[in-house]
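Those protein sequences? They're chains A and B, same order as listed.
In this text, residue positions in the first sequence follow this note's numbering: the first is 1, and each later residue adds one.
In this text, residue positions in the second sequence follow this note's numbering: the first is 1, and each later residue adds one.
To be clear, the hints were calculated from the coordinates, so they are not data collected in a lab.
Footprint (simulated), chain B over chain A, 3 or more residues, beta carbon under 8 angstroms: (1) 81 to 90; (2) 93 to 105; (3) 148 to 159.
With a straight-line cut-off of 27 angstroms between C-alpha atoms, the simulated BS3-like cross-links for lysine-lysine are: (4) A/Lys149 to A/Lys112; (5) B/Lys106 to A/Lys50; (6) B/Lys87 to B/Lys161; (7) A/Lys108 to A/Lys120; (8) B/Lys87 to A/Lys149; (9) B/Lys75 to B/Lys110; (10) B/Lys106 to B/Lys87; (11) B/Lys106 to A/Lys154; (12) A/Lys149 to B/Lys39; (13) B/Lys75 to A/Lys92; (14) B/Lys106 to A/Lys51; (15) B/Lys75 to A/Lys154; (16) A/Lys92 to B/Lys106; (17) B/Lys110 to A/Lys92; (18) A/Lys120 to A/Lys50; (19) A/Lys154 to B/Lys110; (20) B/Lys39 to B/Lys165; (21) A/Lys31 to A/Lys108; (22) A/Lys31 to B/Lys75; (23) B/Lys75 to A/Lys149; (24) A/Lys112 to A/Lys78; (25) A/Lys120 to A/Lys154; (26) A/Lys167 to A/Lys51; (27) A/Lys92 to A/Lys50; (28) B/Lys110 to A/Lys51.
Using N, Cα and C, we set each Cβ at its ideal position, and we do this for glycine too.
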Amino acid sequence: MHSFGYRANALLTFSVTALAFICAIASFSDKFSNQNPSAEIQILNINRLKKQSYGNDEVSLTLDISADLQSLFTWNTKQVFAFVAAEYETSKNSLNQVSLWDVIIPDKEHAKFRIQTSNKYRFIDQGHNLRGREFNLTLHWHVMPKTGKMFADKIVMPGYSLPDAYK
Amino acid sequence: MMGWIGETVDSIKSIKIRQLLTQAVTLGMIVTSALILWKAMMCVTGTESPVVVVLSGSMEPAFQRGDILFLRMTKDPIRTGEIVVFKIDGRDIPIVHRVIEVHERKTTGKVDVLTKGDNNDVDDIGLYADGQMWLHRHHIMGRAVGFLPYVGWVTIIMTEKPIIKYLLIGAMGLLVITSKD
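Produce the complete structure using the sequences and hints provided.
Below you can see the structure in the form of structure tokens.
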């Protein structure tokens, strides 16, 4: 009962259980945080709307993105992954979501920002449905904890549209 | 420590058959309950791998090599921003990346999905099978919903240096045989 092996085993079991319990509580504490993020996106310019050589439409645009995600950070937050996606419907597809830009926010100080940028990822349709197309811009955030449950949400901003002709 | 080894050698010498059989059954019960627990987790989470170990740095700094992810699969549609675990046809290793593009068909409800690791510069087209442009629902094994750091290192070490796995199993076997209850 008092051998080295038994003591090592008891110590290991106890410390693993205690650690698991602490991680669970840390994650649970995230439920009590009050969150009110805000964001605004403007399209500064549609740079190009063209048809690719093998048929799909492609858009290049410049966005002005401002957001305040500081309230998402808790003591258990490792980083917040934020991205902007365009959402639209076509005759063939009930939903298209294309991610245009993303950022990794490592701490609270960087969580309030304003940036002007062209789309980081290519906005290419399945087909040639983009002329005159209306679309939403959504700002999504994904809170990644130091330990435990991850949670995500978004703000949907409707009412953007693309030009009627290729340019 | 040396006294413990001496005790172990002594107790091996005085083993009785019935005691040995009881311990074998006990060991079998422990292994079986672990298996039952694993299968139950598969039912509850809806995926055949409820827990995966992060193997590469493509999702840093959020997920590092050695972290473990808890997965869940529901019938909910796949949407951008979700961190999914998928397998490419013909390859064994599951990949954990984020969905950056979704195109859902009106008529069939089927989806074309494009993924990318947060820490990679380019999307995953290079990882998919030859000629494959999109992932489909059947490639996706689950969504990551929770995370524990560092715990997965045990699995990585045991996979990459199998000698440690054999040493560990040998030591556990020795402990079971020589324990007096």
